[in-house]
Amino acid sequence: MSGFRLYWRLIGASIRAQMQYRASFWMHSVAHLVDTGLEFLAIWALFARFRQVLGWTLPEVAFFYGTINIAFSIADAFNRGFDLFGQKVRSGDFDLILIRPRSTALQIAAQELRLMRVGRLSQSCVVFGWASWKLNVLWSPEWCLLLLWTLLGTVALFYALFVLQATLAFWTTETLEVVNAVTYGGVEAGQYPIALYRPWLREFLTYGVPIACVNYYPILALLGKPDPLGAPLWVGWLSPLAGMAFLGVALFAWELGVRHYRSTGS
Amino acid sequence: MKAYWSVFRARFTVQLQYRAAAAAGLVTQAFWGLLRVMVLEAFYRSAEAVPPLSLPEAITYTWLGQCLFRLIFLSPDPEVREMMRAGTVAYEMARPVDLYAFWLSRALADRIVPTVLRAVPMAVLATVFFGMQFPPSLGALGAWALALVGALFLSAAISVLLTVSLLWTIAGEGITRLVPAVALFLSGLYIPLPLFPEWCQPVFDLLPFRGLGDLPFRLYTGHLPPEAVFSVILRQWVWIGVFVLLGRSALRQGMRRLVVQGG
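Listed in order, the protein sequences are those of chains A and B. According to this note's numbering, the first sequence is numbered sequentially starting from 1. According to this note's numbering, the second sequence is numbered sequentially starting from 1.
Treat each hint with caution, since some may be false.
[To be verified] Facing chain A, according to a computed beta carbon distance under 8 Å, are these residues of chain B, among others:
{"hint": "1", "residue": "Ala-3"}
{"hint": "2", "residue": "Val-7"}
{"hint": "3", "residue": "Phe-8"}
{"hint": "4", "residue": "Ala-42"}
[Said to hold, decoys possible] From the structure, some residues in chain A lie toward chain B, with a derived Cβ separation under 10 Å:
{"hint": "5", "residue": "Trp-56"}
{"hint": "6", "residue": "Leu-148"}
{"hint": "7", "residue": "Leu-151"}
Hints were generated in silico from the structure; no laboratory data involved. In this text, a Cβ means the ideal position worked out from N, Cα and C, and glycines have one as well.
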């Protein structure tokens with residue numbers, strides 16, 4: 001069986017397992033929906049008070065909010081295995097994975113698909129839909145292509161951050177919460193155009209953890225809005241590559257981590 | 001009284017073990033706060049009318065929220081929750097103490113330590129580097145301190161009610177996720193409440209959550225005069241009374257119908 005098919009078979013098993021607890025699934029999903037809905041309500045409240053922010057309107061910011069949250073909820077749904085990885089290192093359960101004749105990253109990734117993230121996903125889809133309607137975007141084939149490319153880059157970037165967070169556990173034997181500042185903090189930051197932030201943060205979000213590359217620049221191109229910071233529009237077509245590159249680096253770091261691993265066992 | 005003091009002290013010591021988690025939390029919290037502050041700054045730069053809260057007040061308000069996050073966070077006691085799942089909650093019933101007061105003491109300790117560990121370094125950092133301001137007068141500081149005690153008890157009283165509610169829902173996944181998020185929002189931790197549209201204000205006034213964050217914060221920044229502390233405290237303690245009564249009667253009912261599973 002190819003790795004790809006194996007992955008989906010394991011994910012399918014995880015979905016069936018979760019559907020055994022339907023009530024729990026729905027409650028979690030609704031909780032997630034409200035959770036992220038509140039964040040959008042906060043954005044709305046600021047616009048109700050101030051009407052615009054440095055020339056950006058509510059539908060524009062909603063477009064940012066929608067795209068980054070759609071991508072994050074997808075990445076997060078597939079992240080359960082890496083999320084709980086510290087546990088596996090501490091208990092020595094990672095040994096079990098090492099003796100199976102399949103890639104370690106694949107086995108960890110296929111551990112579980114968190115269906116309840118559908119709450120966040122549907123909420124951000126609604127916001128995205130509203131924003132696109134308000135902004136009269138023209139759904140041309142190349143526009144859709146760029147949108148897909150943007151989302152792909154963002155999912156890859158967040159997934160890369162999750163993999164890196166888990167990789168650190170090879171050395172620290174626990175999942176480092178500090179990384180949450182760039183994952184959850186990253187989504188939070190990506191909900192607004194980076195033009196709002198101070199220069200040091202803008203640079204960090206472009207060259208450090210390249211959230212602006214998968215979010216700000218391509219969205220400018222999608223909205224056909226000239227960059228107040230002066231970057232040409234074609235940058236948005238190239239920059240989502242940074243997300244893919246980041247994922248490549250993360251998987252490479254993962255392989256190094258696997259080689260470094262000495263069972264803790266007990 | 002001694003029993004309640006002992007459980008308070010024991011929880012206090014347990015919570016002190018989590019210093020590394022507190023340090024990690026500090027970094028996350030600081031990053032989060034900076035983001036919020038930068039967004040507020042951008043909005044204030046675009047303001048067409050004078051907002052009901054000045055920018056320095058809004059910034060200080062935001063940092064207070066980051067500092068006191070753990071005090072405001074409503075959550076059922078995770079250990080009691082485990083006990084309910086495992087059935088060992090029966091031991092809790094066997095104790096020769098008033099169970100409600102016992103759980104309330106735990107809730108208080110579980111709030112104070114994480115808050116102190118987090119709030120003090122965060123406040124120093126925010127005041128030195130990130131534009132958090134001192135209260136304008138000693139009166140404002142005193143008023144804030146009094147209101148903070150009310151906020152602590154209010155948070156603990158609501159949290160115990162959440163813990164008790166687990167007697168009915170057991171897993172309690174919906175409530176334990178929803179209530180904290182909604183309460184944080186309604187206490188002003190997402191956006192300072194005075195910045196919301198005017199028609200929202202009476203709604204916030206009717207709810208207990210304002211007393212957790214918004215009112216104490218505004219006493220600190222001087223947005224509310226120190227004299228306002230009396231009405232703030234009155235509001236807080238009326239709500240505390242309501243939640244204690246609710247918690248007590250719910251606990252009594254819950255214990256009567258409790259069936260411990262398994263063996």
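Here is how each hint holds up against the structure:
Because the smallest distance between the Cβ of B/Ala-3 and any Cβ of chain A comes to about 34 Å, over 8 Å, the interface hint for this residue is violated. Here the hint on B/Val-7 is broken, as its CB sits about 28 Å from the closest CB of chain A, past 8 Å. Because the smallest distance between the Cβ of B/Phe-8 and any Cβ of chain A comes to about 27 Å, over 8 Å, the interface hint for this residue is violated. Among the interface hints, the one on B/Ala-42 holds; its C-beta lies about 4 Å from the nearest C-beta in chain A, closer than the 8 Å criterion.
For A/Trp-56, the interface hint holds, since its Cβ comes within 10 Å of a Cβ in chain B; the closest pair sits about 9 Å apart. Annotation: A/Leu-148 was flagged as interfacial toward chain B, and the flag is violated, the nearest CB pair being 28 Å apart, outside 10 Å. Restraint check, A/Leu-151 versus chain B: the minimum CB separation of about 22 Å is more than 10 Å; hint violated.
Hint violations for this structure: numbers 1, 2, 3, 6 and 7, all remaining hints satisfied.
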